[in-house]
Amino acid sequence: MAGDSSLDSFVNGLIAIVYVFVATVFVLAFLAPQYIGLASNGFSYLIVDHIQGMIAGVILGAFTFGLLDRAEVEIGIGGFVFTISIGAIGGAIVQYLLFH
Numbered sequence: 000m001a002g003d004s005s006l007d008s009f010v011n012g013l014i015a016i017v018y019v020f021v022a023t024v025f026v027l028a029f030l031a032p033q034y035i036g037l038a039s040n041g042f043s044y045l046i047v048d049h050i051q052g053m054i055a056g057v058i059l060g061a062f063t064f065g066l067l068d069r070a071e072v073e074i075g076i077g078g079f080v081f082t083i084s085i086g087a088i089g090g091a092i093v094q095y096l097l098f099h
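Residue numbers (numbering that gives the first Met the number 0): 0 to 99.
Misleading hints may appear alongside valid ones.
Claimed, not checked - Now the in silico label distances, taken between C-beta atoms and shown as ranges:
(1) L96 x V72: 20 to 28 Å
(2) N11 x R69: 17 to 25 Å
(3) I83 x I58: 17 to 25 Å
(4) Y95 x L30: 32 to 40 Å
(5) I85 x D48: 18 to 26 Å
(6) F29 x F79: 34 to 42 Å
No lab work stands behind these hints: they were computed from the structure.
Note that the structure is predicted; figures quoted are calculated from it, not measured.
Every residue gets a Cβ at the ideal spot worked out from N, C-alpha and C, and that includes glycine.
Using the sequences and the accompanying hints, generate a full structural model.
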């Protein structure tokens, strides 16, 4: 069941996007209802981007046999250390090339 973690991550991301959208629309309904359309556009963009990212990740994983999934680079900026996945960067590049 190694593939389940990737699917769970994808589904959890979708659920998080929906939760944020519902909370945002609920707050906007009381404070600024004229911006609900803008929130809907943002929600549509995030859902489509999430699905495109999953497709790009699957394609990249298929061509690299999953070797990039565990490759990481640490970058220090101003005393903070950030870990960046090489697979995530590659997936973003594949997503851009496929869908833009």
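Against the structure, the hints:
1. L96 x V72: 20 to 28 Å: Since L96 and V72 have Cβ atoms about 21 Å apart, the given range 20 to 28 Å holds.
2. N11 x R69: 17 to 25 Å: Hint holds: Cβ distance 20 Å, inside 17 to 25 Å.
3. I83 x I58: 17 to 25 Å: The hinted range 17 to 25 Å holds for I83 and I58, with Cβ atoms some 20 Å apart.
4. Y95 x L30: 32 to 40 Å: Because 35 Å falls inside the window, the suggested range holds.
5. I85 x D48: 18 to 26 Å: 20 Å, holds
6. F29 x F79: 34 to 42 Å: 37 Å, holds
When each numbered hint is compared with the structure, no violation occurs for any of them.
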